[in-house]
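> Position chain B against the provided structure of chain A, taking the given hints into account.
For the record, the sequence lines run as chains A and B. Under the numbering used here, the letters of the first sequence match residues 1328 to 1510, in that order. Under the numbering used here, the letters of the second sequence match residues 51 to 249, in that order.
If you are wondering where the hints come from, they were derived from the structure by calculation, not from laboratory data. In this text the structure is predicted, and so the values were computed from the model without any measurement. Be careful, since some hints might not be right.
[What the hints assert, rightly or not] Chain B residues, not near chain A, derived (Cβ > 12 Å throughout):
no., residue
1, S78
2, I80
3, E92
4, F124
5, K133
6, R135
7, E197
8, I222
9, G225
10, A229
11, R235
12, A239
[As the list claims (entries may be wrong)] Partial list, derived from the structure: chain B residues whose beta carbon lies under 10 Å from chain A:
no., residue
13, R86
14, R96
15, L105
16, R108
17, D137
18, L153
19, V214
20, L242
Backbone N, C-alpha and C fix where the C-beta goes; we use that ideal spot for every residue, glycine too.
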Amino acid sequence: MTDTNDDKLLRDAANLSRSIPPERDLWPGIEAAIEQPKRGGDSPSWLYQAAAVVLLVVGSSGVTYITLKSEEPTSVVAPEDLFYERAAFGSSYSLGPGFTDARGGLAAKLEAQLDRLPPEDRAEIEQNLRLIRDAIDEINAELAKDPGNAQLQALLLKTYREELTLMRRIGDLTQSVISRNDI
Amino acid sequence: MTALSATVNNDTLAFMVTAVQEVGGEASLIDRAKRRDSKAFELLYRQNVDRVYALCLRMTSNVSEAEDCTQEAFIQAWNQLDKFRGDSAFGTWMHRIAVNAVLGRMRKSKREAYRLEVVAENTDPQPLEQNDGELRDLSEAIDRLPEGARHVFVLHAVYGYSHVEAGELLGIAAGTSKAQMHRARRLLAQQLAEDGYRE
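Next comes chain A alone, as it looks inside the complex (with noise of 0.2 Å):
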């Protein structure tokens, strides 16, 4: 090739296009690389994590705190489930007999389970059915006093309700005892 040639060819390389349109167009594939959080060096998984832990942490505070704080006397709101319950009690409040019932065919049935427990286990429920029975003493002494204490009713309720799942699960007991609505 000659000088001559060799000056069209780079005159015909300088003469070649600059700009050519993609066959597709790029951009969804940019955009969804651009928009995706970072991940790896910047925030390391543990990190993910331990907020996550926080989160749940957080979460279930405020809920026991909104929990509690709609038990205040001024803003009880009883569940509908409750309302069965509640009836029992108002102003006039007492158990039912068939709750009084299931619950002491309850008792019976624990005290023959706790027999058979090795003597820790048993020391240790004992004990706590004994703080909740005495709650529940205490609970119903101050109804006693103020028996439309929409509070104290629904506290008392939730005692009785943590004693049977107690006594349920020591005793293995089934479930029809409890979705009886004579309680």
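Just chain B, lined up with the frame of chain A:
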């Protein structure tokens, strides 16, 4: 590329240029993009993609690789926007990033570079020059050049970079760039002579 897609792209480009003028020009778009405004960055992309893609296509000689490199270049640009000081035009800055994207892709491993060469040899390249048979012949001959010679020829002869600038972009000495240019011209002359390239 079909005539229809060319029309669509030109229409799109015209629309985007109008949009850019309406929102206050490139500097404004860059400022907004620096504040992580992806819509502004999309407008910058629309303005520059054809030039970036052309460079990537000429350096890789492969449509698929050129598309990947173009995308990689814009992603890198997005991530490095805070480093853009405006000392050069945005398009010039994008050129540098595009060259780095191509080279980075090829340097990933020798296997990758080898694969790119094989693909370049075995792929029927996209005709880049639509109207001029000789330019099309030249373009196809460039595609067949060895990688090093092709990169230098594209940057120096097609895009007008000096050997110092091309050397900086490619990470080689200016003398090496000159040597690769000489090699490219010799290989091209041989190929084009066989194709009946006119004096």
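> Now, for every hint given, state plainly whether the structure supports it.
Outcome of the hint check:
{"no.": "1", "hint": "S78", "result": "holds, 19 Å"}
{"no.": "2", "hint": "I80", "result": "holds, 15 Å"}
{"no.": "3", "hint": "E92", "result": "violated, 6 Å"}
{"no.": "4", "hint": "F124", "result": "violated, 5 Å"}
{"no.": "5", "hint": "K133", "result": "holds, 16 Å"}
{"no.": "6", "hint": "R135", "result": "holds, 21 Å"}
{"no.": "7", "hint": "E197", "result": "holds, 17 Å"}
{"no.": "8", "hint": "I222", "result": "holds, 20 Å"}
{"no.": "9", "hint": "G225", "result": "holds, 19 Å"}
{"no.": "10", "hint": "A229", "result": "holds, 16 Å"}
{"no.": "11", "hint": "R235", "result": "violated, 7 Å"}
{"no.": "12", "hint": "A239", "result": "violated, 4 Å"}
{"no.": "13", "hint": "R86", "result": "holds, 9 Å"}
{"no.": "14", "hint": "R96", "result": "holds, 8 Å"}
{"no.": "15", "hint": "L105", "result": "holds, 8 Å"}
{"no.": "16", "hint": "R108", "result": "holds, 8 Å"}
{"no.": "17", "hint": "D137", "result": "violated, 22 Å"}
{"no.": "18", "hint": "L153", "result": "violated, 19 Å"}
{"no.": "19", "hint": "V214", "result": "violated, 18 Å"}
{"no.": "20", "hint": "L242", "result": "holds, 7 Å"}
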